[in-house]
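Enquirer: So the sequence lines, in the order shown, correspond to chains H and X. What the first sequence shows, in this note's numbering, is residues 1 to 544, in sequence order. What the second sequence shows, in this note's numbering, is residues 1 to 255, in sequence order.
It is worth saying that the hints were derived from the structure and are not from the lab. From the three backbone atoms N, C-alpha and C, an ideal C-beta is built for every residue, glycine too. Be aware that a few hints might be false.
[Stated by the list, open to error] Output of the computed footprint for chain X on chain H, the stretches with three or more beta carbons under 8 Å from beta carbons of chain X:
hint, region
1, 88-95
2, 104-115
3, 126-135
4, 266-280
5, 289-298
6, 301-308
7, 407-414
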Amino acid sequence: MSTTTTTQPGARRAPAGERVADWADGRLGIYSLAKANMRKIFPDHWSFMLGEVCMYSFIIIILTGIYLTLFFHPSMNEVVYHGSFVPLQGVRMSEAFKSTVDISFDVRGGLLIRQIHHWAALIFLAGMFVHMMRVFFTGAFRKPREINWMFGFLLFVCGMLTGFTGYSLPDDLLSGTGVRIADSMILAVPLVGTYLSFYVFGGEFPGTDFVSRFFPVHILLLPGIMLALMVGHLILVFHHKHTQFAGPGRTNKNVVGMPFMPVYMAKAGGFFFLVFGAIAAISAIATINPVWDAGPYRPDHVSNGSQPDWYMGYTEGAVRAMPGWEWNVLGHTINFGVLVPVVLLVAVPAVLAMYPFVEAWITGDQREHHILDRPRNAPTRTAFGVAWLSWYGVLLLAGGNDLLGLLFHLSANGVTWFARIGFFVIPPLAFVVTRRICLGLQRRDRDKVLHGRESGIIKRLPHGEFVEVHEPLTQEQLHVLTAHEQARPIALEAAVDENGVERKLTRKEKLRARLSQGYFGEHSQIAKPTAEEYLEITSGHGHH
Amino acid sequence: MVVLLFALAVTGGLYAALAPADSARADGPAQSLAIEEGRKLYAVGCASCHGTGAQGTSDGPSLVGTGPAAVDFQVATGRMPLQQHGAQAPRKKAVYSRAQIDQLAAYVASLGAGPAVPAPGQYSPEGADVAKGGELFRLNCSQCHNFTGKGGALSDGKFAPNLHGVDPRHIYEAMQTGPQNMPSFPDTVLSPKNKKDIVAYLGTVNSSTSENPGGFGLGGFGPVSEGLFAWIFGLGALIAVAVWVAARTAKAKRS
Numbered sequence: 001m002s003t004t005t006t007t008q009p010g011a012r013r014a015p016a017g018e019r020v021a022d023w024a025d026g027r028l029g030i031y032s033l034a035k036a037n038m039r040k041i042f043p044d045h046w047s048f049m050l051g052e053v054c055m056y057s058f059i060i061i062i063l064t065g066i067y068l069t070l071f072f073h074p075s076m077n078e079v080v081y082h083g084s085f086v087p088l089q090g091v092r093m094s095e096a097f098k099s100t101v102d103i104s105f106d107v108r109g110g111l112l113i114r115q116i117h118h119w120a121a122l123i124f125l126a127g128m129f130v131h132m133m134r135v136f137f138t139g140a141f142r143k144p145r146e147i148n149w150m151f152g153f154l155l156f157v158c159g160m161l162t163g164f165t166g167y168s169l170p171d172d173l174l175s176g177t178g179v180r181i182a183d184s185m186i187l188a189v190p191l192v193g194t195y196l197s198f199y200v201f202g203g204e205f206p207g208t209d210f211v212s213r214f215f216p217v218h219i220l221l222l223p224g225i226m227l228a229l230m231v232g233h234l235i236l237v238f239h240h241k242h243t244q245f246a247g248p249g250r251t252n253k254n255v256v257g258m259p260f261m262p263v264y265m266a267k268a269g270g271f272f273f274l275v276f277g278a279i280a281a282i283s284a285i286a287t288i289n290p291v292w293d294a295g296p297y298r299p300d301h302v303s304n305g306s307q308p309d310w311y312m313g314y315t316e317g318a319v320r321a322m323p324g325w326e327w328n329v330l331g332h333t334i335n336f337g338v339l340v341p342v343v344l345l346v347a348v349p350a351v352l353a354m355y356p357f358v359e360a361w362i363t364g365d366q367r368e369h370h371i372l373d374r375p376r377n378a379p380t381r382t383a384f385g386v387a388w389l390s391w392y393g394v395l396l397l398a399g400g401n402d403l404l405g406l407l408f409h410l411s412a413n414g415v416t417w418f419a420r421i422g423f424f425v426i427p428p429l430a431f432v433v434t435r436r437i438c439l440g441l442q443r444r445d446r447d448k449v450l451h452g453r454e455s456g457i458i459k460r461l462p463h464g465e466f467v468e469v470h471e472p473l474t475q476e477q478l479h480v481l482t483a484h485e486q487a488r489p490i491a492l493e494a495a496v497d498e499n500g501v502e503r504k505l506t507r508k509e510k511l512r513a514r515l516s517q518g519y520f521g522e523h524s525q526i527a528k529p530t531a532e533e534y535l536e537i538t539s540g541h542g543h544h
Numbered sequence: 001m002v003v004l005l006f007a008l009a010v011t012g013g014l015y016a017a018l019a020p021a022d023s024a025r026a027d028g029p030a031q032s033l034a035i036e037e038g039r040k041l042y043a044v045g046c047a048s049c050h051g052t053g054a055q056g057t058s059d060g061p062s063l064v065g066t067g068p069a070a071v072d073f074q075v076a077t078g079r080m081p082l083q084q085h086g087a088q089a090p091r092k093k094a095v096y097s098r099a100q101i102d103q104l105a106a107y108v109a110s111l112g113a114g115p116a117v118p119a120p121g122q123y124s125p126e127g128a129d130v131a132k133g134g135e136l137f138r139l140n141c142s143q144c145h146n147f148t149g150k151g152g153a154l155s156d157g158k159f160a161p162n163l164h165g166v167d168p169r170h171i172y173e174a175m176q177t178g179p180q181n182m183p184s185f186p187d188t189v190l191s192p193k194n195k196k197d198i199v200a201y202l203g204t205v206n207s208s209t210s211e212n213p214g215g216f217g218l219g220g221f222g223p224v225s226e227g228l229f230a231w232i233f234g235l236g237a238l239i240a241v242a243v244w245v246a247a248r249t250a251k252a253k254r255s
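Can you build the whole structure from these sequences, using the hints too?
Expert: So this is what it looks like as structure tokens:
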């Protein structure tokens, strides 16, 4: 830290930049901050940049969103359109819809900014989803990063809600139908549904309030929460340091990569502009949410092909696939057709969010993990993740049942029945298949370590036999394939203790032991080759 | 009794004056020739399903009273003759010539009165209110045909087809007659002016001359195709960029 307050006469005047930095340091203490963080190391891997994609698209959404708020009128006052889009002239609409059409056709750059805002939102959510999958399948959520996993998960949920409220703001026929479904879901909550619906909409749906209510939630409340979560997320990334894949010289106690300044900063800064450029190019090429085609929302209008944006698609699918069962209990209607989708709306993401805690409980692992797992080396976790993905995917397909039917000449009812059955059948199937594939890949790794890589070169031996030449792996490759540790399952204590007294085992303990057996038991992992095995096989007995 | 006779006379007189023109005019020599030719064509191409007297069979409905507009729509869009039984007859290449279709229409018209083929002035976009047509379309049509008539699925494999490139005359006839699984919108439900507005709206938003201000329209199907596009081309492109950036790193051994 600079503490100099007087300048020596005749001394060289420091360059301007240095003087500004000195000035700032004297007041903010930036030097110590920079000293602590400038050389922070970040490992290089493309999948570690998915989070950056999310952060940059979030920044792009905020920037374009600010521009849109300059022209958007969050009001449901009825007006008659007389703007430049002919097919809507003379049509009655809300001010919100009119201002959205005006942004699209009469505000300079408005349509491009709107499209960047919306495309970036879809990509933001998709990026978060893939980022979350990367963290899940590599086990990066393990101690000490469980809280950061929850931060990320909450960011995704807030992103869904922000996206949904934003999709609703233009008050077009498509989004109005979406809000109508949201209202139905609120109404489906037993006992208090009607009260909640009147509370949210300030009266009977649609009322004249929801746009002006969703607006502050969309532009202030949720983005504020997300910004806070994102800052927390990044602080924790800095605090924990980044995870890395196994490799020579990489241990649980170090990070191998590039320093934050200047290499990582330059790459990250450049990557921001690449992301912005790619999203802007997409927005200039392809239409998104053409509200002028959808027309203004009127509760007596509804269109075929009304779907939410993709991240709400699994809820839409649940609504479409769920049979319309209804009970009447003591004068109260319980509408399972919509109530079950409401439960799934929460339960499907929650199952994934809670997984790290369940795994920690099963494995009983209290250690810190900074080296990532290869998905194949955690077969049960990987299989669970793929099963969850297939579950989500089935619901997503059900949400597009009509378009699948139309475009692939199928019966929409057939697609719905596929989803109804697949909802229960496909995830277990995916679980079993994935687990087998993981174990197969482990066997292959074992084979590669012990016998080398198949070179594709066929050699004929003097006595006529044909063999394939196997090339031994490099030391580096051997390390990557054998660096993972293989845990042993938790053993239950003997049912009878040393004094012959029967021990009381709780059901919870038994369950945990069984699950642990499933994770690390005999049939749940392929023993990795030991150094002795490797030496024995490579010690020059020729062919094997 | 006098009142009843008077009433009957008035009703008969009104009917004579207001009855559909073509069925009333179906007596001229040219018309009867057309009916005769149409009957022959019918016997060859249609009778196997609709019955020899167009009274309908288990394979096809009665055509009595369906009118020439229905024949013109079904045959000129290639839906009839039916290729195979299924959820719905798809649009395909027409197998009859214009003159033959008119003859078939004349024959079916001779069986009983029904909606007439509209005159070009009825479906041309001149004088139509496109915005009104849009509102009517969203109220009456978009439940099945999607926001701008891009088509949509119905139950059990039935579908409302994409209306892109459909002749305005056929759109008008479809509203009059309600082909396949479509309900009919007679003039008492949608006035001729309403129909003209709807046809003009479709010509503006869903034809080869429609403008697409936002760029490539992704089929006009909304969030499903947008979501697919965002995943494949949006996130796909960004992951490709990420791989490229990550591969170009400052490595100690390279310098």
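Enquirer: Taking the hints in turn, state whether each one holds.
Expert: Cross-check of the supplied hints:
Beta-carbon proximity to chain X at under 8 Å applies to 4 residues in the region 88-95 of chain H; the threshold of 3 is reached and the given coverage holds. Restraint check on the region 104-115 of chain H versus chain X: 4 residues with Cβ-Cβ distances below 8 Å, three needed, restraint holds. Beta-carbon proximity to chain X at under 8 Å applies to 3 residues in the region 126-135 of chain H; the threshold of 3 is reached and the given coverage holds. Using a Cβ-Cβ cut-off of 8 Å, 7 residues of the region 266-280 of chain H lie near chain X, which meets the minimum of three, so the contact claim holds.
For the region 289-298 of chain H, the stated coverage by chain X is satisfied: 7 residues place a CB nearer than 8 Å to a CB of that chain, which reaches the threshold of 3. Only residues whose beta carbon comes within less than 8 Å of a beta carbon in chain X count, and the region 301-308 of chain H has 8; three or more means the coverage holds. Given as covered by chain X, the region 407-414 of chain H passes the check, having 6 residues with a CB less than 8 Å from a CB of that chain where 3 are the minimum.
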